[in-house]
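Residue-level listing of the chains:
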Amino acid sequence: MKIIVFIQQIVSTQVKLQGVDYFDASRVSDDDLVINPTGKNAIEGALKLKDSQGAEVTAVCVRGIKPNKALKEAIAMGCSNAIEITDEAFYTDDPYLLAKIYAKALEKIGEYDLILLGVDEQSTSSYAAPAMLAEMLNVPSVLTAEEMEMIDSGFRVGHVLEGGKKIVEVPQKALISCSDSQYFIPRYTTMRGILAAKKAVIPIWSAADLGLETSKVNVDAASLKQISLSNIVIEKETFLINEGEPEEMVDKLLAKLKEDEVKLGA
Amino acid sequence: MKILVFIQIRDDKVEENTLGILNKIKTSIQGVEIIGALLGKDLKDRWIQELGLHGVQQVVTATAPELEVFLSATYTKAMMKIINNVNPRFVVAAGTVYGEDLIPRLAVRSNTSCAQRFVDFTVEGDGLHFHTPVRDDQAMKVTQVVGDIIFATSRPGAFFVDENPTGTAPNVTNVSVTFDDADRLVKHVEIKKAERTVNLKDAKVIVAAGRGVAGKENFQIIRELADLLGGQIGATRACTDVHWVEETYEIGQTGQSVSPDLYIAAGISGAPQHMSGVKAKTLIVINKDEGAPIINYADYAIIGDMHTILPILKEKLK
Chain A
1 MKIIVFIQQI
11 VSTQVKLQGV
21 DYFDASRVSD
31 DDLVINPTGK
41 NAIEGALKLK
51 DSQGAEVTAV
61 CVRGIKPNKA
71 LKEAIAMGCS
81 NAIEITDEAF
91 YTDDPYLLAK
101 IYAKALEKIG
111 EYDLILLGVD
121 EQSTSSYAAP
131 AMLAEMLNVP
141 SVLTAEEMEM
151 IDSGFRVGHV
161 LEGGKKIVEV
171 PQKALISCSD
181 SQYFIPRYTT
191 MRGILAAKKA
201 VIPIWSAADL
211 GLETSKVNVD
221 AASLKQISLS
231 NIVIEKETFL
241 INEGEPEEMV
251 DKLLAKLKED
261 EVKLGA
Chain B
267 MKILVFIQIR
277 DDKVEENTLG
287 ILNKIKTSIQ
297 GVEIIGALLG
307 KDLKDRWIQE
317 LGLHGVQQVV
327 TATAPELEVF
337 LSATYTKAMM
347 KIINNVNPRF
357 VVAAGTVYGE
367 DLIPRLAVRS
377 NTSCAQRFVD
387 FTVEGDGLHF
397 HTPVRDDQAM
407 KVTQVVGDII
417 FATSRPGAFF
427 VDENPTGTAP
437 NVTNVSVTFD
447 DADRLVKHVE
457 IKKAERTVNL
467 KDAKVIVAAG
477 RGVAGKENFQ
487 IIRELADLLG
497 GQIGATRACT
507 DVHWVEETYE
517 IGQTGQSVSP
527 DLYIAAGISG
537 APQHMSGVKA
547 KTLIVINKDE
557 GAPIINYADY
567 AIIGDMHTIL
577 PILKEKLK
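Residue numbers (this note's numbering), protein chains in the order written: chain A, 1 to 266; chain B, 267 to 584.
Note that these hints are calculated values from the structure, not bench results. Incorrect hints may appear among the rest.
[To be verified] Under the rule of at most 20 Å between Cα atoms (straight-line distance), these lysine to any residue pairs were calculated in the SDA-like manner:
hint	chain 1	residue 1	chain 2	residue 2
1	B	K580	A	I167
2	B	K459	A	I167
3	B	K453	A	R156
[Unchecked claim] Some chain A residues near chain B, calculated using beta-carbon distances under 7 Å:
hint	residue
4	L137
5	K166
6	S181
7	I185
8	P186
9	K216
10	V219
11	A221
12	S230
13	V233
14	V250
Cβ atoms here follow ideal geometry from the backbone N, Cα and C, with glycine treated the same way.
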């Protein structure tokens with residue numbers, strides 16, 4: 001089985017940036033650059049299949065300042081190989097263009113069975129790319145999966161649903177987006193994996209390599225245009241207790257609650 | 267402006283985020299024509315009347331056995347038929363699991379993109395500007411979809427339902443749609459409905475835990491504290507997903523919505539999917555991670571390990 005996992009590199013949301021340019025390379029350190037969390041969940045989904053069925057897992061990264069770092073981590077987790085797709089012309093804040101680049105990458109990759117992605121990218125909150133890619137490829141798909149199991153005809157997948165969970169079956173040639181459920185909690189990198197990652201030569205494909213005209217995937221081609229991006233200032237004042245022994249902290253909290261006349265109890 | 271709203275039904279009623287969108291449209295756009303797209307196997311007149319009451323002037327229905335349950339292929343096909351029939355300027359759905367699945371597909375079929383999870387929109391010329399929180403709600407991104415047709419989803423919990431709707435009965439038209447084998451590649455097996463045996467909606471005090479609780483047995487302290495305060499327990503989907511606690515206690519977009527006087531959140535990071543279900547007068551947070559998004563919402567926060575802090579809190583409250 002050949003599995004393609006699309007991941008993205010983002011500036012960790014743990015990093016509180018005061019500015020708004022989240023892709024200004026000069027402002028973030030290498031440690032701040034991480035794989036989008038649900039992208040890592042997708043890698044885990046692929047590696048579970050690799051462990052149980054045997055599979056070739058290829059990680060593909062289109063977005064990010066240093067995609068090579070994200071892809072080395074994917075290999076260190078256990079992916080078989082990786083492809084970096086980079087072109088200065090790419091405008092990937094529009095999920096439609098991102099999905100177009102994915103589709104072209106798959107065309108160049110040629111043969112594959114299963115496509116896995118994270119449900120979202122977190123940096124621009126774009127949840128749309130998986131559904132758009134599935135539609136462009138016209139492959140059966142399941143979004144926001146929480147668990148998956150191989151069956152004779154393909155996969156049985158449970159996905160998130162308001163007020164419960166829905167179970168569907170898809171053929172083996174399918175697209176599945178993975179959520180941060182327990183089933184997809186990513187594994188750590190291994191020493192063996194880290195060594196493999198060190199040795200791995202990761203090819204870099206440009207728009208030209210994909211046979212993509214840059215005018216079709218650059219900012220001018222976007223139909224989702226960004227008007228502005230600004231920090232959200234939450235006016236709420238938090239009484240923050242971040243030092244002291246646990247007991248002192250609790251005392252401090254209770255004293256403040258009393259002072260503010262907050263009723264504890266129904 | 268002609269607006270097509272994808273109508274979602276849940277628990278035999280029009281789903282509340284869909285009603286919220288209708289209210290937002292009515293109050294923000296002048297001279298609007300609201301058309302509801304209602305798909306299913308058996309459609310009830312009661313739903314259609316409810317839509318009329320909330321401002322829908324026309325309901326376009328599509329009925330077929332294949333539309334009994336949402337599946338991407340069948341719903342996309344039926345919706346495209348309705349879109350071609352209605353020719354709307356703006357197509358919108360509540361950003362539920364189904365809404366987020368459907369809208370991007372419709373956009374692709376219309377050779378365009380979509381805005382997602384907006385919490386507000388404004389009319390700008392003959393277009394719309396969408397406001398979407400990004401990066402775990404650290405920043406607000408404003409976007410516009412250019413082209414003849416605009417697609418977008420709203421963020422669940424973003425809009426209030428009109429409490430006193432005064433609309434009248436809508437016109438109803440029907441489009442016919444047929445399906446073939448290619449539309450049936452994804453097979454529906456079952457929906458496991460979470461048992462909602464406990465209603466948290468009216469709880470005044472809720473002590474809730476997230477993934478940080480790290481195990482079923484650790485819910486004991488959450489229960490004890492809730493009992494002590496005369497409240498209920500709550501949890502994020504991460505906890506109910508692995509059965510650390512019964513699924514009835516799930517709070518958030520896919521669980522229950524709550525509005526207690528006091529919400530104590532322990533080991534909860536504060537993902538939008540959880541926070542969209544929480545409207546508390548006072549929010550007390552206990553979390554190891556000072557960078558967790560939930561700290562931004564907190565009135566009071568202790569940065570520490572919940573497993574250490576909660577037992578002390580319980581003893582002191584006794």
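Hint-by-hint comparison with the structure:
no.: 1; hint: K580/B / I167/A; verdict: violated, 40 Å
no.: 2; hint: K459/B / I167/A; verdict: holds, 11 Å
no.: 3; hint: K453/B / R156/A; verdict: holds, 9 Å
no.: 4; hint: L137; verdict: violated, 10 Å
no.: 5; hint: K166; verdict: holds, 5 Å
no.: 6; hint: S181; verdict: holds, 5 Å
no.: 7; hint: I185; verdict: violated, 9 Å
no.: 8; hint: P186; verdict: violated, 14 Å
no.: 9; hint: K216; verdict: violated, 12 Å
no.: 10; hint: V219; verdict: violated, 12 Å
no.: 11; hint: A221; verdict: violated, 10 Å
no.: 12; hint: S230; verdict: holds, 6 Å
no.: 13; hint: V233; verdict: violated, 10 Å
no.: 14; hint: V250; verdict: holds, 5 Å
Of the numbered hints given earlier, the model fails hints 1, 4, 7, 8, 9, 10, 11 and 13; all others are met.
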